[in-house]
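Line by line, the protein sequences are chains A and B. The C-terminal position of the first sequence is numbered 238 in this note's numbering, with every residue numbered one higher than the one before it. The C-terminal position of the second sequence is numbered 196 in this note's numbering, with every residue numbered one higher than the one before it.
Don't read these hints as lab results, they were simulated from the structure. Careful: at least some of the hints might be erroneous.
As the list claims (entries may be wrong) - Straight-line distance between alpha carbons at most 30 Å, and here's what the computed DSS-like set of lysine-lysine pairs gives:
hint	chain 1	residue 1	chain 2	residue 2
1	B	Lys-138	B	Lys-165
2	B	Lys-53	A	Lys-223
3	B	Lys-178	A	Lys-172
4	A	Lys-83	B	Lys-53
5	B	Lys-53	A	Lys-229
6	B	Lys-53	B	Lys-111
7	A	Lys-228	B	Lys-53
8	B	Lys-115	B	Lys-99
Below are the chains, spelled out letter by letter.
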Amino acid sequence: MHRFANPARFMRIAEPILPWTSVGALAAILLALYFGIFDSPADYQQGETVRIMYVHVPAAWMALFAYTLMALASGSFLIWKHPLADLSAQAAAPIGAGFTAIALVTGALWGQPMWGTWWVWDARLTSVLILFFLYLGYMALVNGFDDPERGSRMGAILALVGFINVPIIKFSVDWWNTLHQPASISRLDAPAIDTSMLIPLLLMAIGFKLFFISILILRIKIQLLKKRIRSIQLTH
Amino acid sequence: MTPKRRRLTMVGLGLLMIAAATALALNAFEDTLVFFYSPTDLIDTKTNPKKQIRVGGLVEEKSLLKSNDGLSVSFTITDLDNSLPVIFKGALPDLFREGQGVVAEGYLVGGLFQAKHVLAKHDENYMPKEVADSLKKSGKWKGGNKQ
Chain A
3 MHRFANPARF MRIAEPILPW TSVGALAAIL LALYFGIFDS PADYQQGETV RIMYVHVPAA
63 WMALFAYTLM ALASGSFLIW KHPLADLSAQ AAAPIGAGFT AIALVTGALW GQPMWGTWWV
123 WDARLTSVLI LFFLYLGYMA LVNGFDDPER GSRMGAILAL VGFINVPIIK FSVDWWNTLH
183 QPASISRLDA PAIDTSMLIP LLLMAIGFKL FFISILILRI KIQLLKKRIR SIQLTH
Chain B
50 MTPKRRRLTM VGLGLLMIAA ATALALNAFE DTLVFFYSPT DLIDTKTNPK KQIRVGGLVE
110 EKSLLKSNDG LSVSFTITDL DNSLPVIFKG ALPDLFREGQ GVVAEGYLVG GLFQAKHVLA
170 KHDENYMPKE VADSLKKSGK WKGGNKQ
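Chain B on its own, in the form it takes in the complex:
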């Protein structure tokens, strides 16, 4: 084997090993790499009410309620299979609306999620308003947001 061939094999083998090691490591840390849980994820897992977690999903249609003092809101996060009621006190981001993706950070206490922060998640569709309107009208709308 020429030195060149030997170096080529060594670099190739080395890269293969690193790829395998990374795949194993990422697989093992799967749970901590997930930025948020879905409501379905939280049904079977026991969560510590003192530990901060994140829940993500869509804001259920017609679930947004403002309290009388106007400071806190309640809404439901759904992954279309299961849903979780959330209460939150503070300012919601601009993109927050019913039917839109959202990630809430806070504590799960007895089936009610007490959010400390609410982040809006947006989807990968970009288009002007007129196009979105005409897509919805013609029934070709595929996005998650059906307003």
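Chain A extracted, bound-state conformation:
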């Protein structure tokens, strides 16, 4: 892993990947939308409303994935002081916050017709809202110091402390009575979703992941270029 922590080497690998992940993301999301809207059945209980799942669930997965990545990068920044680790954590935060917001909004839109309420303070919904605030808090903290090095360190500590929330979100539906139903995909027996509905769900998950990688590479690249501009300005 440490071999790739060199910014120049990272860009040499990431730059050629970028067009593939971008095109792949667009293709997977369009395919997922096609299957999700036109070529998948209505649910036996929920009817057409079930289609919200094809956006809601992959967005929620990405919200957890981006935070996990952010916490890992923050940890390796604190321990090994890799500047690239700090950059990736900072680059991942707004993307993760965006996916969390999508999950919260689509969840409310889904909850209103199905549960009969936009929002309840059950363990799952509340812990995801906390995740959203952790993202916002991280972004504010990182930029809240005159010394950017200090901001990075403070943000990394917050990201690590907040990581405890990720397993809480995942297992909240098993540990406590919640209005939110338990997981369908990661059950030990077969997933509780019919194959015709699994196709758009997994396609969207792949699309979101590729989208995340593309934006992450772009954001890291911008930060690296900004750093170079700053150092050039300082030397002249």
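Place chain B on chain A using the hints.
Below, chain B without anything else, positioned relative to chain A:
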């Protein structure tokens, strides 16, 4: 110990402490983290009739009754061990049906639950209607809803 090893140990120890503290805190707040009680939970606990609580479970089959004026309904919430009669005045959510999960919010007064809000709970099974029908026909149905 190199500085790197020291930082690694510190971060590891710190995370361990936070995990332990969170586990203890969550354990202590167990009761308030629960979104609803089951009818069995309510048998032994003394509840204040003036305090709003939530009860969850399945709507018992053939227990749904509409009043003559059509405004209020009564049904029974069961956790398959114990059950609790509920009365409610208002609009029920779309997913509300007998055999389906439900969470009622209101006051427990003398063994009768007076609901102010009723929320439908759905399970984690997603499938088209034809698949659900054929599963029920072949006796392989595992869901909670046996209509």
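(message) Tell me the numbers of any earlier hints that the structure contravenes, in ascending order.
(response) 6
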